[in-house]
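Can you build the whole structure from these sequences, using the hints too?
Numbers 0 to 1028, taken from numbering that gives the first Met the number 0, label the letters of the sequence shown in order.
The hints are simulated quantities; they were obtained by calculation from the structure and are not laboratory data.
Since the structure is predicted, the reported quantities are computational estimates derived from the model, not experimental observations.
Among these hints, one or two may not hold up.
Said to hold, decoys possible - Heads up, simulated SDA-like pairs for lysine to any residue below, C-alpha to C-alpha not over 20 Å straight-line: (1) Lys311 / Thr407; (2) Lys498 / Met275; (3) Lys708 / Ser621; (4) Lys700 / Trp559; (5) Lys866 / Asp898; (6) Lys860 / Cys665; (7) Lys736 / Val699; (8) Lys608 / Pro557.
What the hints assert, rightly or not - Listed next, with one range per pair, are the computed distances between beta-carbon atoms: (9) Leu591 / Val630: 38 to 44 Å; (10) Asn365 / Glu247: 46 to 52 Å; (11) Ile493 / Asn365: 27 to 33 Å; (12) Lys607 / Gly631: 30 to 36 Å; (13) Glu247 / Leu591: 38 to 44 Å.
In this text, a Cβ means the ideal position worked out from N, Cα and C, and glycines have one as well.
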Amino acid sequence: MELPVVSETIQLAAYRPRAPQIVANGNGKATPGGFDESGYYQCYGDGSSVASRVSDALAGYDTLDAPPHYDFYANTEVYGRRRRFRPSLYQLHANPEDDSKPPMYEETTDGQIEKGDSSEEDEDEQKEPPPEPTRFGWVQGVMIRCMLNIWGVILYLRLPWITAQAGIGLTWAIILISSCITGITGLSTSAIATNGKVKGGGTYFLISRSLGPELGGSIGLIFAFANAVAVAMHTVGFAETVADLMRENGAVMVDRTNDIRIIGIITVTCLLGISMAGMAWESKAQVLFFIVIMVSFASYIVGTIIPATPEKQSKGFFSYKADIFATNFVPGWRGPDGNFFGMFSIFFPSATGILAGANISGDLRNPAVAIPRGTLLAIFWTTTSYIIISATIGSCMVRDASGNINDTLSSPSSGDNCVDIACQHGWDFSACIRNGTCTYGLSNYYQTLSMVSAFAPLITAGIFGATLSSALACLVSAPKVFQCLCKDKLYPVIGFFGKGYGKNDEPLRGYLLTYLIASCFVLIAELNTIAPIISNFFLCSYCLINFSCFHASITNSPGWRPSFRFYSKWLSLLCAVVCLVIMFLITWWAALIAFGVVFCLLGYTLYKKPAVNWGSSVQASSYNMALNHCVGLNRVEDHVKNYRPQCLVLTGPPSSRPVLVDLVSCFTKSLSLMMCANVVSEPSGPSLSAVEHASSESHVKWLNRRNIKSFYRGVLAPDLRLGVNMLLQGAGLGRIKPNVLLLGFKKDWCSDPKAAHNYTGILHDAFDLQYGVCLLRMKEGLEVSQPLQAHVNPAFDGGRESVCTISVTSHTQTTSLSTDPEPQINTVFQKKQGKKTIDVYWLSDDGGLTLLLPYLLTRRKRWARCKVRVFVGGETEKKEQQREEVLALINKFRLGFHDVVVLPDIYQNPQPMNVHQFENMVGRFRLNTNPKQDTDSGMPGQQQEPWVITEHDLEKNKAKSLRQIRLNEVLHDFSREAALIVITMPVGRRGVCPSTLYLAWLDFLSRDLRPPVLLVRGNQENVLTFYCQ
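Okay, here's the thing in structure tokens:
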């Protein structure tokens, strides 16, 4: 076939893929642009016939393939047009004449597109677009908010005091260490915030979506609580200033402490009203506070330059002096908190406002851009301001002053007894220094900045602005974080506080909870007590944020692609460790409490296992570790001491045979591999519905709900035997692959000899591939009584032991998968067995698997009280000797089995009645040996039907047949009341024992027994050893 040559007469644009061009008209209605969209949406919207799309195909190249589009990756719809859908793989490669309706590859999550003509009606009745909530840019939403939260009460009321205690040099060290921690945390936050679309929830959202719900939930709760306590800290700072102003003017309500409490409660109540009015009002208030703080800074700088008046000199202010700078550069520790980490714990909350912008990530216009830019600039400017203020105040003011204008040096000679740097500037504060009664100076007067400034009321206004803005930011942040946590439903009860109101989804209930917490801590009324409590909680949050960034980077997950590149995973790890160390150095008991709370919440989340999946780095790390360990196992040879029965269980849909699932789980749970397998028979080739049923997640969910630690694997195959063969050869990974095949006994083998022949072929295939084989037979059957299920492999019989199974064909009528959870049915293997017996008939040595499986059962609590009895064949004359030999061998294996019974009567002839029943069982499969019929056919009947039994087969296998009949009699005599019978499974030699005769052996051996019967045959290689190497 010749392809057309590209020329002027051929327009390649005519062959481009046709995709809908949807535009919104002035009324907001979606109208097609370029061609009729109905054909596309019949296929893409409601999953109707692919043929409808082909009917109007172009004469040349035409395809359903769509070019890349935003809608294919988004989880929400864009107002004004219908959402586009990527065609499924089935739609691309299926036969156009097939009129099936496959499900879409991408499904909508918010608002499904209606089917048929109703979609056009919905277009005509579109409502007005929802109101757009308030959104902020990086300046107003992040930078100003972070700067206001950082510039808090500590800046105005404690930074001069910290400078006096630690000296200018160590104060700079405290500032720079705090800024390094917050700066690196800011980089980590920026990286996490730019690794995908960020929603509301701030710090909690970032950590939980990175580290998962376990750590994210616990730290989210702690961070919300820390912000609520921070409201109290800033409010107490505000109340301190107001109380001091009232005292200076002679207005005292009760006493200083109670005045702070009263003012604090009133202030928090007013802030609650502002925050509940909405984000728009709160943002306007923040801008006003920012302007006030800037003016107060200007007033302070001007005040340090103006020459000091005598009144200010009496209070310790002398303008810029080199000798004062030199004296204040070194530490001057005082009081119980007079040490580096004591000062660090008090200062650090002033650097913790860096997440104020991230905490309202849901209210930002573009969080991925706003959070990095605003946060880092806020850290830079606030750090610069802290360094400038500590340097200037330390250069202008002495540590102690009396405030008495008469404390000047009367003569130069009187300066000999002067002990302070103020003596060099004509002032003698020695008396108050010796007596400890100085009321002014850096070490004694918290309102130093007000006294130094050019206009004191501006500093007071700055204190009001800084404290109130920080308190307001924390009062907004805490409910926002807590609301996101509540909506994720990780913890009980708290969901009540997650309800939102208004267009901005304001958490009004969360505001009230934060108000109550803040009010409780306001009653402490002591700033130096509240600040260290907050420091530990914020350090814990920062530690986990940095660890989140490090962990996401180190896992090398392809999903970790932050657009912010200026971060280092090793710096993040270092910062996380530093935060952890500083927590214990500040207050070790508070650090223990913080981590105790984290671990308690972590344990609860691990126990409850919330049904959320956020693609966390913990999942990526688990994959990496599992992969590395699997590859590492390839370097180590298998050893019999480490043998574990790794089971491939032919359950079909696991929910259909819970008995088989529960038994295998008893000796594989937390020990070895268990893989439930389902073979879906598709003689005409795979269909979409068969693929869905084979790989449905409902099977895994059923196993998880039943607390079964198992994998699930479904395969499509022309018939059951080929499917099982695929599983036998392909299941597993490296050394973690099955070595034992478990399946149910096929009780209806008599009614379908061809299926019975294939069933026996599965056993031979397993033996050929060096598998051990186990068959489970229950008197009441394996399957549960459920409505008819398609896609169940015909591995087991009908009747009570299994429902009628169906081999799926291309003509099977399929329906959508049910979303209802499949029932959890209790089985005998889920119950405590009590003081019963597990009877093990170790009649042939298969390598020890027949002994190992009962031993593993007795390690489970429900089987622990069962006594294991081992039965072996023997001779009457040597009965005791053989018992001692077998017991000695078992003792060397250290299995703990002490009851051994020798059965010499298993070699006796069975009862004639039972022999007659066996002959009747196999009689229908015996070959008609009429010589005339054989001559006419010209071909032996056994070649046409390999399951038939000849007289030669019966004669050759007579001894084995009689043995199985006799063994059934022995089982009835000795194990009628056992909890479980484990017996060595006989092996039928291929080409010697027909399949129907072999199944007759297994059937008669285990028939009419009340206890479950497990027939076991190892692969004839040792699974037990009494050596230590």
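Against the structure, the hints come out as follows:
1. Lys311 / Thr407: Holds, because 13 Å separates the two Cα atoms, which is no more than 20 Å.
2. Lys498 / Met275: 14 Å, holds
3. Lys708 / Ser621: Holds - the C-alpha atoms of Ser621 and Lys708 are around 16 Å apart, at most 20 Å.
4. Lys700 / Trp559: 28 Å, violated
5. Lys866 / Asp898: Measuring from Cα to Cα gives roughly 8 Å; hence the hint holds.
6. Lys860 / Cys665: Distance ~10 Å between Lys860 and Cys665 Cα, so the pair holds.
7. Lys736 / Val699: Cα-Cα ~19 Å, so holds.
8. Lys608 / Pro557: Judged against 20 Å, a Cα distance of about 25 Å means the pair is violated.
9. Leu591 / Val630: 38 to 44 Å: For Val630 against Leu591, whose Cβ atoms are near 40 Å apart, the range 38 to 44 Å holds.
10. Asn365 / Glu247: 46 to 52 Å: Hint holds: Cβ distance 48 Å, inside 46 to 52 Å.
11. Ile493 / Asn365: 27 to 33 Å: Holds - the Cβ-Cβ distance for Ile493 and Asn365, about 30 Å, lies within 27 to 33 Å.
12. Lys607 / Gly631: 30 to 36 Å: The hint (30 to 36 Å, Cβ to Cβ) holds, given that Lys607 and Gly631 are roughly 32 Å apart.
13. Glu247 / Leu591: 38 to 44 Å: Given range 38 to 44 Å: holds, Cβ gap about 42 Å.
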